[in-house]
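So the protein lines, in turn, are chains A and B.
For the first sequence, the residue numbers in my numbering are 172 to 464.
For the second sequence, the residue numbers in my numbering are 5 to 165.
Keep in mind the hints are simulated off the structure, nothing from the lab.
Fair warning: there could be bad hints in the mix.
To be verified - Derived DEER-like restraints, expressed as beta-carbon distance ranges: (1) A:Q253 / B:V152: 42 to 52 Å; (2) B:I135 / A:Q269: 52 to 62 Å; (3) B:A17 / A:T418: 21 to 31 Å.
Said to hold, decoys possible - Facing chain A, according to a computed beta carbon distance under 7 Å, are these residues of chain B, among others: (4) L28; (5) F69; (6) E142.
Positions of the beta carbon are idealized from the N, C-alpha and C atoms, including for glycine.
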Amino acid sequence: MPGNRRNKISIQSKYVLLFLTILCIGMMILSFATDIASGPLNLVAGYVIVPVQKGIGKAGEWLRNRSDDMKTMTELAEENKQLKDEVTKLQLSVNELQSDKYELSELRQLFKLNEQYSDYPVIGARVISKDAGNWFSTFVIDKGSRDGIEPDMNVMAGSGLVGIVTEVGPVWATVQAIIDDQANLSGMVMSTSDHLIVSGDLELMKDGYIRFSQLVDSEDKVVQGDQIVTSTISDKYLPNITVGYITEIRHDSNNLTKSGFLTPVVDFKHLSTVLVVLEKKQVREEAHEKNSD
Amino acid sequence: MKRILIEILIIIAAFILQTTVFRLISLGGIVPNLLIIVTSSFGIMRGRNEGMFVGFLCGILVDIFFGSILGFYALAYTVIGYVNGIFKTMFYPEDVKLPMFLISASEAVYCFICYIFLFMLRGRMHFGYYIVHIILPEIVYTIVATIVLYRGILFVNEKLE
Numbered sequence: 172m173p174g175n176r177r178n179k180i181s182i183q184s185k186y187v188l189l190f191l192t193i194l195c196i197g198m199m200i201l202s203f204a205t206d207i208a209s210g211p212l213n214l215v216a217g218y219v220i221v222p223v224q225k226g227i228g229k230a231g232e233w234l235r236n237r238s239d240d241m242k243t244m245t246e247l248a249e250e251n252k253q254l255k256d257e258v259t260k261l262q263l264s265v266n267e268l269q270s271d272k273y274e275l276s277e278l279r280q281l282f283k284l285n286e287q288y289s290d291y292p293v294i295g296a297r298v299i300s301k302d303a304g305n306w307f308s309t310f311v312i313d314k315g316s317r318d319g320i321e322p323d324m325n326v327m328a329g330s331g332l333v334g335i336v337t338e339v340g341p342v343w344a345t346v347q348a349i350i351d352d353q354a355n356l357s358g359m360v361m362s363t364s365d366h367l368i369v370s371g372d373l374e375l376m377k378d379g380y381i382r383f384s385q386l387v388d389s390e391d392k393v394v395q396g397d398q399i400v401t402s403t404i405s406d407k408y409l410p411n412i413t414v415g416y417i418t419e420i421r422h423d424s425n426n427l428t429k430s431g432f433l434t435p436v437v438d439f440k441h442l443s444t445v446l447v448v449l450e451k452k453q454v455r456e457e458a459h460e461k462n463s464d
Numbered sequence: 005m006k007r008i009l010i011e012i013l014i015i016i017a018a019f020i021l022q023t024t025v026f027r028l029i030s031l032g033g034i035v036p037n038l039l040i041i042v043t044s045s046f047g048i049m050r051g052r053n054e055g056m057f058v059g060f061l062c063g064i065l066v067d068i069f070f071g072s073i074l075g076f077y078a079l080a081y082t083v084i085g086y087v088n089g090i091f092k093t094m095f096y097p098e099d100v101k102l103p104m105f106l107i108s109a110s111e112a113v114y115c116f117i118c119y120i121f122l123f124m125l126r127g128r129m130h131f132g133y134y135i136v137h138i139i140l141p142e143i144v145y146t147i148v149a150t151i152v153l154y155r156g157i158l159f160v161n162e163k164l165e
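Excised from the complex, chain A in its bound form (with noise of 0.2 Å):
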């Protein structure tokens, strides 16, 4: 009978529903709470799908670049003629820096502080594919555990703070960036050493800051254009990356602490390759402590 058949089917595909609903949750739970559920997965999806947007992603520099060259004479005489002006600039601080430099070397070797992030091993890495929705600011890197890539390590680009690795394939790693509506990381004011909280905001996103919180600072000596690093205190984040420099600040209405946002010295919206820090905080430190032994 036909009525027979249809209430057969239907019901077979409500218990495929909660069988589903059920595995999913179990998921969750099992991801919530380990992080065994999505080794076997990651493995097959980045064979997959990771050297498709790999190649795509070159696709698109090539296109990049191609538009690049188009740029006129003109345009590129008077870039020319400012990045000149630039230069005898920048030689100028260059060479007070040089002497700064001489000055700091000796008064680090006093100190027995030659830590740098200059010294930090990095790996640099394209970024090959975006979130496939609106709400979050996560993005996926070419270089996985392969290269020696772990969670938690640190993701700069150019002289600033990018974000976090938070999973790991073999060829690819995902990386949540500190505009991420869900991503906090504990700050610093360079020039006051106080702390601060940095964390991403959708809301913020669209005119390019991030929201800072939590900033005690009862002399008011901490003003507009002060530069937020990565603080000391922080578990994840290696100390003294720069983040950004703060553009607006106020007073919370408990009068002790400050708020406002920062402009993050990174452009995320035109983000094609990162740098990884190849240390994690943690592995530092223990290191350290093994030397002091």
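Got chain A sorted already, so can you dock chain B onto it with the hints?
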């Protein structure tokens, strides 16, 4: 078997397009949700079971690459595929209005699920902001993409039958 393989290929293609090419041509940082279009149209054309199958695969891909916990998007897409499958009895290949309506509705529901579970529960209460800047643009852009993509999926489906 051939059908399953082709469906998997379509899902992978949609996922890759959404995360790479469409990111480059996004309007105001918003990309259309191709995976919803795929899930929804297979649900309408082929019924609940296939809607769930396609939805589950789409969701699990998003989960693996971008989800903070595995299974959240998979569940959302599976349910959307199932609900779209219920409307199979009303489906005629010549009629574009029903699929268009269902895909838009699915996209809206998907956005609300994302907002409620991933944002509102973390205390992000400015619903007005999110609806104007994220949800509405995404729905509009997805509808535009549907106009192009749906015919292709319909064509492939008819070839397979």
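Checked hints:
1. A:Q253 / B:V152: 42 to 52 Å: Holds: the Cβ-Cβ distance is about 43 Å, inside 42 to 52 Å.
2. B:I135 / A:Q269: 52 to 62 Å: holds, 55 Å
3. B:A17 / A:T418: 21 to 31 Å: violated, 41 Å
4. L28: holds, 6 Å
5. F69: Cβ of B:F69 sits 6 Å from chain A, so the hint holds.
6. E142: holds, 5 Å
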